[in-house]
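Top to bottom, those sequences are chains A and B. If you're matching positions, the first sequence starts at 51 in our numbering and goes up one per residue. If you're matching positions, the second sequence starts at 82 in our numbering and goes up one per residue.
No lab work stands behind these hints, which were simulated from the structure alone. Computed from a prediction, not measured in an experiment: that's the story for all the values here. Treat each hint with caution, since some may be false.
[Claimed, not checked] Taking lysine-lysine pairs in the DSS-like style, the calculated list, with each CA pair at most 27 Å apart, reads:
| # | chain 1 | residue 1 | chain 2 | residue 2 |
| --- | --- | --- | --- | --- |
| 1 | A | Lys220 | B | Lys198 |
| 2 | B | Lys198 | A | Lys231 |
| 3 | A | Lys220 | A | Lys231 |
[Claimed, not checked] According to the in silico footprint, chain B covers these stretches of chain A (three or more CB under 8 Å from chain B):
| # | stretch |
| --- | --- |
| 4 | 97-109 |
| 5 | 114-126 |
| 6 | 138-150 |
| 7 | 188-199 |
C-beta: ideal position from N, C-alpha, C; glycine also.
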Amino acid sequence: MIQTFAFYLFATIVLLSGAFTIFAKNPVHSVLWLILAFFNAAGLMVLAGAEFIAMLLVIVYVGAVAVLFLFVVMMLDIDFAELRAGFARYLFFGIVLAVFLAIELVLGLEAFRAGAIKLGTATSAPVDAAVPNLEAIGALLYTKYVFLFEAAGLILLVAMIGAIVLTHRKRSGTRPQNVAKQVRRRPQDAVRNLTPEIGQGVDL
Amino acid sequence: MVDLSQYLPILLFLGVAIAISSIFVFLPMGVARLTGAHKPTAAKLAEYECGFPAFEDSRSQFDVRFYLVAILFIIFDLEAAFLFPWAVSLEEIGIAGWATMMVFLFELIIGFIYAWKVGALEWE
Chain A
51 MIQTFAFYLF ATIVLLSGAF TIFAKNPVHS VLWLILAFFN AAGLMVLAGA
101 EFIAMLLVIV YVGAVAVLFL FVVMMLDIDF AELRAGFARY LFFGIVLAVF
151 LAIELVLGLE AFRAGAIKLG TATSAPVDAA VPNLEAIGAL LYTKYVFLFE
201 AAGLILLVAM IGAIVLTHRK RSGTRPQNVA KQVRRRPQDA VRNLTPEIGQ
251 GVDL
Chain B
82 MVDLSQYLPI LLFLGVAIAI SSIFVFLPMG VARLTGAHKP TAAKLAEYEC
132 GFPAFEDSRS QFDVRFYLVA ILFIIFDLEA AFLFPWAVSL EEIGIAGWAT
182 MMVFLFELII GFIYAWKVGA LEWE
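All chains should be built: construct the whole structure from the sequences, respecting the hints.
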C-alpha cells in the first residue's frame, strides 16, 4: 500500500519536474527543477531495491552534476531577450530536428514491438534479495565486468586531462607556494642574533 | 517491492525537517502580516544592496577556473563512489578484484599527477 503510494508520488513528481525543467524560462530554475527530478528518481530507485544507485543519484547527480550544470548556466551569460529574438530564425532548424526526433521515436517504438534483441542468454537469475545491494554490485563489477570498469577509469582520465587542457591557463605574476623550499629552510639561514649598540640600529 | 519499513526513520527526519523549515519561513511572514502595517511602495520593494542601488545583474560571468575545480570534483567523487562496492565485496572478489581496483586507481592517479604537475590544483 505505502509502496504503491510512494511510487505514484515519486513518479508524478519526476514527470512534473521534468516537464518544468523544459518549460522554465529561466535556466537556473530549470536546473533546480532538474535537481528535484534527480531526488525523486533516487526515491524510485530505492523503491526498486537499488539502494546503491539511489545513493549515487543523490551524491553524483545532485551533488556534482547539477552543480556543474549551474556553473555552465552561469558561465553562458544568456541574454533572454536576445535568445527569444532568434526564435523565427531558428524555427526551420528546430522543425527539422523535431521531425528527425519523431522519426527516431517511431522507429524505436517499432523496434520495441518487434521483440527483444537476442544478444546472449540470460545466465543467472536476479540476485537474491537477501544479498545487500552493494555487495551484489561489487561481486559483478570487479570480476565479470572488469574491462568495462577499467574503461570507465580511462574515460574519467581522458575527461580530467581534457578539462585541464581546455581550461587551464598559466598565469604570470602569480606566486604559488613552494612547499619544498619552505621545508628546506633552516633556522640558521633565516635568523640572526644581534646585539647592537645603543643608538646604532641594525643592518638588514 | 522492497520492505520500506527500514526507511521510516529517514521519512520521519524528512518530515521534521520540512515542518521546521516551513515554520521558519512562514511564521515570520504570518506574524509580520498580522501585526504590522502592509503598505508597499516602489522604494520599499526595490532590491537592497548594502544601502545603495544594485549596480548590475546578479548573474555575472565568472572565471572558467571554477569549472575546472567542479570537473575534478566530479571525477574524484565518482572514484570514491566506485570504492564503496569494492570495499564491501572485497572478501568475495579476492585478489583479482583487489588488483582491478588498483589498476583503476592507478589510471586516475596518472591524471592526478598530471593535474598536480600542470598546476591545475593551484589557485594563484
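Please check whether the stretch 97-109 of chain A has three or more residues whose CB lies within less than 8 Å of a CB on chain B.
Held - the stretch 97-109 of chain A has 6 residues with a Cβ nearer than 8 Å to chain B, which meets the minimum of three.
Would you check chain B against the stretch 114-126 of chain A, counting CB to CB pairs closer than 8 Å, and say if three or more residues qualify?
holds (count 8)
A/Lys220 and A/Lys231 were given as a pair; does the straight-line alpha-carbon distance stay at or below 27 Å?
holds, 21 Å
Would you check the hint for A/Lys220 and B/Lys198, treating anything up to 27 Å between C-alpha atoms as holding?
Roughly 12 Å between the alpha carbons, so the hint for A/Lys220 and B/Lys198 holds.
Tell me whether the statement that chain B covers the stretch 188-199 of chain A is true, taking a Cβ distance below 8 Å and needing three residues at minimum.
Held - the stretch 188-199 of chain A has 7 residues with a Cβ nearer than 8 Å to chain B, which meets the minimum of three.
Measure nothing beyond the straight line between the CA atoms of B/Lys198 and A/Lys231; if it is 27 Å or shorter, mark the hint as holding.
holds, 16 Å
Within 8 Å of chain B's CB atoms, at least three CB atoms from the stretch 138-150 of chain A: coverage verdict:
violated (count 0)
The structure does not agree with numbered hint 6 stated previously, though it agrees with all others.
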